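> Below, each chain spelled out in residue letters.
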Amino acid sequence: MLSKKWFWLIVIAITWEVTARNGLIPSYIFPPLTTIMARSYTLLRYEGFGNVILASIKTILHGFVISFSAAIVVASISGYCKSFRTLVMALHDILNPLPSVAILPIVLLVCGLTKDSLYILIFHAVFWPLVATLMMSICTIPQEYRNFSYNIGIPKWKMSIFVFIPAIFPYLLSGVRNSWGRAWRSLISAEAIFYISGSQQGLGYWIYSNRAYANMCDVMVGVLMIVLISIAVEKMFQIIENRTIKKWGVTK
Amino acid sequence: MKKRFNVVVSSALATVLSLTLATGCSHKKSTTDKVTIAYNPSGYGSAVSHLMIAENTLDKYLPDGVTAEWVEMSSASDIRDALANGTVDIAAPALSAYISAKENDMPITLISNYGNAMVKLYSCCGYTDISDFKEDDVLAIKGLNTNPQISFLAYVKENGLDINKYTNMLSKIPESESLAMLETDNGEIEGAILSYPVSNEAEKIENVTLIADFKDVIDDYNLGNCLCANSDFYNENYEVVVAFESARDEIMDSWNSKLDHNAQILSELYECDKAEIAGIMESLPPTKEITGYNKLSALMYESGMLNKQPLSFEELPNYDKIPH
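Those sequence lines, one after another, are chains D and V. Going by this note's numbering, the first residue of the first sequence is number 1, and it counts up by one from there. Going by this note's numbering, the first residue of the second sequence is number 1, and it counts up by one from there.
Just chain D, with the same shape it has in the complex:
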C-alpha cells in the first residue's frame, strides 16, 4: 500500500510528464521528467556529473566540520565562562538573522574568488544556530544528572561521554539538522552567484552555467540532484534519530 506522500509524488510526476509531452508546458521551461531522468543517467554514467556533485559535497563537509568543531569549542567555553557566553549570545543575535548571501560582498572583498569564501559562508550559516542550540542545551542539563554523577564518583571524561552528550543529543541533532539545511542553501546560492576558476565546480555553478547555455534539461538535472541529496541527508538524520534518541527514550 502506497503512502499518501508517494501517491501525490506519482500524481505530480505523471502530470508533469503528460503536460510536457503534450506541449502544454514548453520544453525550454519544463522538459519531460523522463527526459530529465534519462539525461541524469547519461551525465552520471558517461559525462562526469558525479564529480560536480562530489565537489559540492566535499565543500559542504569541509565547511561543516570546521564550523561544528568551532561551535563545540565555543559552546563548551561559554558553559564555564558567563561573560564569554554573553558575548557569544550578543554576536549571535546580530549575525544569526543575516543570510549568508547578504555577507557575500564582504567575504569576496576579504577572501577573493577562492574556496575560502565558500567556507566562510558555510561557517556563517552553520556556526550561529549550532552554537546557540549547544549553549542552550548545556544549560538545560538537569542538575540531578550532575549531582548523581558526582555522587557516584565517575571521572569527568566519562561524565561528558555517558551523561552530558546523551543529555544534549536531541538538541545537538536538531541543531545540526537545521544548520545543515542553511549551509546547503548558502552553498548552492554562492556557487551560482560566483564561481571559482578550476575544474572543481559544484551544483550551483552547474545550474548557473547551464542556464547561460539555455540548457534547461541539465538545469533540471542539477535541481533534481539537490532535491535528492537533501532527501537523502534528511533520511540519514531520521535514521540517526531512530537509533539514538528514540531508542534511548528521550523523545517519542
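Simulated from the structure, these hints should not be mistaken for laboratory data. A few of these clues could be false.
Stated by the list, open to error - Below 20 Å or equal to it, Euclidean Cα-Cα: the simulated SDA-like pairs (lysine to any residue) are:
#: 1; chain 1: V; residue 1: 308; chain 2: D; residue 2: 28
#: 2; chain 1: V; residue 1: 308; chain 2: D; residue 2: 55
#: 3; chain 1: V; residue 1: 165; chain 2: D; residue 2: 28
#: 4; chain 1: D; residue 1: 115; chain 2: V; residue 2: 186
#: 5; chain 1: V; residue 1: 165; chain 2: D; residue 2: 55
#: 6; chain 1: V; residue 1: 308; chain 2: D; residue 2: 40
#: 7; chain 1: V; residue 1: 308; chain 2: D; residue 2: 26
#: 8; chain 1: V; residue 1: 308; chain 2: D; residue 2: 115
#: 9; chain 1: V; residue 1: 274; chain 2: V; residue 2: 203
Said to hold, decoys possible - Here are some chain V residues pointing at chain D (derived, C-beta under 7 Å):
#: 10; residue: 77
#: 11; residue: 100
#: 12; residue: 101
#: 13; residue: 105
#: 14; residue: 171
#: 15; residue: 242
#: 16; residue: 302
#: 17; residue: 305
#: 18; residue: 309
Please read all numbers here as calculations on a predicted model, not as lab measurements. Idealized CB from N, CA, C, for every residue including glycine.
Following the hints, position chain V against chain D.
For chain V alone, kept in the frame of chain D given last:
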C-alpha cells in the same frame, strides 16, 4: 465517497496549479500598442541602439498608436530569457545566446546581424603571450555564453591550445571589477578578457599588457550581437519588426556619412575620446549580414555548450528573410 471526491478535487487543483505556474508567467500579447526593446547600455555591439535612442529614430517608423519602450539589460542570458518569455519583444543578444536558445526550442526569431564585438585579452603580471598563463592562473570574464567567452574559446581553438586548461582558468567577474583588479594587481587575477569600451580603459593602465586581440576570430565566427524578436511578436506584429529594421537601416546608412555626429554621441555615452571612437566606428561598422553562423554553432557544439548537433544556418525557418 467523500474521500474519493477529495482526492479528485485535489488532483484537479494540483494540475491547474502546476499549469498556471508553468505557463502563467509568460507575457503574450496578440496585438500591441507598445514595443519593448532591450539593449545593453554599455556594449559597442549595441551602438546602433544607442544612436537610435539618442536620435529618436524608431518613432518615425513605428505604426500609428505604437510606442517604444527601451529597457536596459546587460546580461546576454537575461536578454535571451526575456525574449523567450515575451517580457521583451525585440533585443540584440550575442549570436551565441541566440544559437543556444534555438537549439533548446526557445521561441526566438533571428532577424539580422546587428553589431560587432571588440574583445581583447590583457594581463597585469608581466605576461606577454597567451602561452605564459599557468594552469592555476585566473582569467576574469564577464559571464558565460558572452562574446568575450566565445571569442576567447575560438582564439584558443584556432591557435591549437589546450581548451580545457584555458577554460578552467576563467572566473566570472564584472568587467568594471576586473579592470580595478588589473590596475591594483593584487594577485587575485592574472588576466582579464574585456570588451570595448572597458578594454579601452585597460590600455591606459601602465602595468597592463595586451596579450591578444580577438579581431580575427570575431570576424571568422561572426561574434557580436544579432537582432532578434520574440517569435509570437514577430508573427503577430511583423509591421513593428519592419519599422525597427527601417530605423536600424537609417542608422547603419548614416554610420559613415554622419561619423562625426555619431562619434560625438557614442563618446559621451562611453566616456571616451571622440577621435578614438570615430576610428573604431570606421574600422568596425555594424553589418546586417550573418556570416559565421555555422562555424560558431559548430564551435559551441564541440566545446559542449550544446547537447545536440545544431541546425545549420540554412535550416532556420526564416532563412530567406535573414541577410547573409
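> Each hint needs a verdict: does it hold in this structure or not?
Against the structure, the hints come out as follows:
1. Only pairs whose Cα atoms come within 20 Å are accepted, and residue 308 (chain V) paired with residue 28 (chain D) is accepted, the gap being roughly 14 Å.
2. The straight-line distance between the Cα atoms of residue 308 (chain V) and residue 55 (chain D) is roughly 26 Å, outside the 20 Å bound, and the hint therefore fails.
3. Between residue 165 (chain V) and residue 28 (chain D) the CA atoms are separated by roughly 31 Å; this puts the pair beyond 20 Å, and the hint is violated.
4. Restraint check for residue 115 (chain D) and residue 186 (chain V): the C-alpha separation of about 17 Å stays at or below 20 Å, so the hint holds.
5. A threshold of 20 Å between alpha carbons decides the hint, and for residue 165 (chain V) with residue 55 (chain D) the separation of about 18 Å falls inside it, so the pair holds.
6. Between residue 308 (chain V) and residue 40 (chain D) the CA atoms are separated by roughly 16 Å; this keeps the pair inside 20 Å, and the hint holds.
7. Between residue 308 (chain V) and residue 26 (chain D) the alpha-carbon distance is near 18 Å, which keeps this suggested pair within the 20 Å criterion.
8. Of the pairs offered as hints, the one joining residue 308 (chain V) and residue 115 (chain D) is violated, with about 33 Å between alpha carbons and a cut-off of 20 Å exceeded.
9. Straight-line distance between C-alpha atoms of residue 274 (chain V) and residue 203 (chain V) comes to about 16 Å, which keeps the hinted pair within the 20 Å bound.
10. Interface restraint check: residue 77 (chain V) against chain D, minimum CB-CB distance 5 Å, threshold 7 Å, status holds.
11. Evaluation of the residue 100 (chain V) hint against chain D yields a held restraint, the C-beta minimum of about 4 Å falling below 7 Å.
12. Taking 7 Å as the C-beta cut-off, the interface hint given for residue 101 (chain V) holds, the closest approach to chain D being about 5 Å.
13. The restraint placing residue 105 (chain V) at the interface with chain D holds, with a minimum CB-CB distance near 5 Å, inside the 7 Å limit.
14. A distance limit of 7 Å between C-beta atoms decides the matter here; for residue 171 (chain V) the minimum to chain D is near 4 Å, and the interface restraint holds.
15. A cut of 7 Å between beta carbons decides the hint on residue 242 (chain V): the least distance to chain D is about 27 Å, and the hint is violated.
16. Proximity of residue 302 (chain V) to chain D is violated relative to the hint, the smallest CB-CB distance being about 14 Å (cut-off 7 Å).
17. The restraint placing residue 305 (chain V) at the interface with chain D holds, with a minimum CB-CB distance near 5 Å, inside the 7 Å limit.
18. For residue 309 (chain V), the interface hint is violated, since its Cβ never comes within 7 Å of a Cβ in chain D; the closest pair sits about 15 Å apart.
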